[in-house]
Amino acid sequence: MGPRLSEDDLSESAARDDGTGAPDSGDARRRLALTRMLIWAEREAASMERPDVSDALKQAIVVLHSDLHSDPDG
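In UniProt numbering, the protein residues as written are 1 to 74.
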């Protein structure tokens with residue numbers, strides 16, 4: 001099993017706008033809620049010994065988290 005996901009790091013990032021530190025619009029709140037749900041689901045899958053599901057959820061969290069830092073014009 002891989003390292004435990006840090007909800008604090010992901011939540012803080014999801015609540016900020018483009019790394020500027022400024023609070024984002026409603027999109028950030030929705031991303032934060034989705035991130036928290038995915039983290040919860042990943043932990044549940046891991047506790048049920050479902051590494052396939054856990055890994056898929058981890059990947060979804062990584063994709064969502066990396067999307068927070070991507071440049072839409074870029």
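Keep in mind that the hints were calculated from the coordinates and are not lab data.
Be aware that one or more of the hints could be misleading.
Distance windows between CB atoms, simulated [what the hints assert, rightly or not]: (1) 52 x 29: 28 to 34 Å; (2) 26 x 47: 27 to 33 Å; (3) 27 x 62: 14 to 20 Å; (4) 66 x 40: 18 to 24 Å; (5) 59 x 30: 30 to 36 Å; (6) 26 x 62: 29 to 35 Å; (7) 26 x 52: 32 to 38 Å; (8) 47 x 27: 17 to 23 Å; (9) 41 x 66: 16 to 22 Å; (10) 29 x 50: 16 to 22 Å; (11) 33 x 56: 26 to 32 Å; (12) 27 x 49: 18 to 24 Å.
Idealized CB from N, CA, C, for every residue including glycine.
Each hint tested on the structure:
no.	hint	result
1	52 x 29: 28 to 34 Å	holds, 30 Å
2	26 x 47: 27 to 33 Å	holds, 32 Å
3	27 x 62: 14 to 20 Å	holds, 19 Å
4	66 x 40: 18 to 24 Å	holds, 20 Å
5	59 x 30: 30 to 36 Å	violated, 20 Å
6	26 x 62: 29 to 35 Å	violated, 23 Å
7	26 x 52: 32 to 38 Å	holds, 33 Å
8	47 x 27: 17 to 23 Å	violated, 30 Å
9	41 x 66: 16 to 22 Å	holds, 19 Å
10	29 x 50: 16 to 22 Å	violated, 29 Å
11	33 x 56: 26 to 32 Å	violated, 19 Å
12	27 x 49: 18 to 24 Å	violated, 35 Å
In summary, the structure is inconsistent with hints 5, 6, 8, 10, 11 and 12 from the numbered list given earlier, while agreeing with the others.
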